[in-house]
Amino acid sequence: MKSSSVLLTGATGAVGSELLRRLCARKETTVNALVRRGSARQPDIAGILGDMESIARVVVLEGDLRQGPTLGLADIDLDALARETTHIVHCGGSTSFTLPLSEARALNVGGTQAILDFARRCDNLQCVALFSTVYVSGKRSGGFSEDDFGDAGMGFVNSYEHSKAEMEELVLDAMHDLPVLLLRLSTVAGDSNTGMVRGFNAIHHAIRLVYNGLAPMIPGDPDECVDIVSSDFVADAALHLIDHGDTGVFHLASGAESSSSLADLIAGTVDSLVRFRPAWRKRAIEKPLIVDLDTYDLFVRSVEEAGNEVMLDATRSISTFAYQLAHPKLFDTARTRAALDGSRIAPGRALEFYPRVVKYCLDSSWGTRPC
Amino acid sequence: MDRATDYETGIDAIAEYLPERVVTLGELDAAGLLGGSAAVLASFGFEGVHLAGEESNVDMAIAAAGKLFAENEIDRDEIGVVLYATALTSSSTMWNAGSASALNGAPESVLELSEVSDLFRYPASRLQAELQLRNAAVIGVNQLGCASIFAALRLARAMIVAEDDLKSVLCVSADKFPPSHKRDLIYNVVSDGACAALVRRGAARNRIVECTHVTKGALWDSGSLENEILAAYFPTAKALIERTLDKAGLTIDDIALVIPHNVSLRSWQILGRLIGCPLERIFTENISRVGHTVASDNLLNLRRAAESGRIKRGDHLLLFTFGYGLNWACMILEH
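Each protein sequence line maps, in turn, to chains C and X.
The opening position of the first sequence corresponds to residue 19 in the numbering used here, with each subsequent residue numbered one higher.
The opening position of the second sequence corresponds to residue 1157 in the numbering used here, with each subsequent residue numbered one higher.
To give an idea of the interface, some chain X residues facing chain C are shown, with a C-beta separation under 7 angstroms as derived from the structure:
1. V1196
2. S1199
3. K1372
4. L1386
5. A1387
6. F1390
By construction, these hints were calculated from the structure, which means they are not laboratory data.
Keep in mind that this is a model prediction, so the values were computed, not measured.
Even for Gly, the Cβ is constructed at its ideal location relative to N, Cα and C.
Go ahead and model the full structure; you've got the sequences and the hints to work with.
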């Protein structure tokens, strides 16, 4: 990506912020970071860059993807942006699991449509990289390859998966006329070296529930693979693929080689809590049970009937992603591994970096205090 | 030496006392004695509970033990120890709420002491006197919530094994809920009641094969830690039951019948799945009819199960309960 102009959306998110830091370290690069108008993201971007010296030129553009192909920009700005943009990296959208489907669609499908429409105006475009999720596979079980699409009629666990699968239908069409790189992410846990989490998601909420002793059970199979990746792997791999002009679908996932079993991940959570908060052991909290879906459903139904608000919040929080565990699957990463071959970029073994993520959650009190 | 088979200590006789008065969930609700929804409690398996009237906790204990002696040929002089197990703090005193209740009178405090000497008036001693158990030393077993009778049975077996001249221990449990207070606690409905069991060397039935008990003192404050208690219940229960089976060299498939506490049918529907025991092998018939009699559930259910013909000689039975404090207790018997 030499002498490039990158339009980056979602620059303050878990993945976008990692990409921003890496792009800012590049010479002859302009980063146009599109942030939502009125969202006060400029200070966030300054915070992400921290004390690093930005070599690239960073421009913050206030716009709004919900306004369609204009991206919420004035015509003159839009024309200039279209002329100079060589790469689009679209990380924007919603990663919430609990939005109503209509809202998730507006952000994830509508936002992607806006980006693709804009991309068609860019004469110098070399790549449009779009971020999706491996969980577009929904309630499928078994293998899910980089050539597979959608839920195969099995349905989805939450509106995030559903909206992203619909977004991929747009992307599939766009592959005919645009240099599309579709990057399906696994669950991004945090930085593999520091454990730092820039975007707290379901896995971090689950760690908090275990810490608080409010996670008695989750559905799944103890031996099933849980796919989590580090944010630095995702950012490094994405930029490598973009730099090399790759197009098509790639899974930025740990795959069979680096995943851990559900049982090991839960044990790793408890071990880490004990290791980094020795006083936690005094609370005598048991590991969450791994149970079949019917048992979990019965428990959730009981909590709902009882109307206990705290337990209700806890089960809702778990349920937004836990039902995915009841549909075990393995994400094939053959194409990604081939493309990254020789780059020394690879997903680390989940259980090796995961304890650092747990520590970061504890030290930062889940992002509520600096550390 | 295998201590269990050497001494063959078991529960030779069981009796219970349940107050005559039965009150439905609807009546409790109308009297303001339910904190939660009657409909939810009904869906969790409850219909009604027994309410004590004039009788005190000690009266109920005496009635249960009296029934035990009336129904069985027991030489009272063979009883060397009485273990008086109570869950409610008030039950280890001579407190008697009498007939006052929200259903028919003014509320009153749990403990009303007029003299400091009241603190030294013990129901266990009165029980020994009323039952004329002249050779029995009395010991109170408390601070384990609903698991108190399990602790008493465990101690009884251990004492018989340890003391050659001790042949029988009478275990008694009685709890009377404060009449003016709401009767649903963490989604179960509390009934008044008492039970008595004779643990005897060379018992003809109910050999105590294994006893286990775990306390999680971190969860002692039941008032402020209700959610944590709810979350801890199932993982700890599963772990303890599996540990008990393992210690006994059994699997859940070896258990002919689980004799449960009456802390909601729903909880057993879930726990049964967790331990791999179908609901048909859990004796849940009493939950709706009787409610949760604090510490007396399991013995009351064991007696009913035997009377109903659900169990036969030699069957392995698994008893499990849970009590504030926070305690989980499990026992395996050979009927």
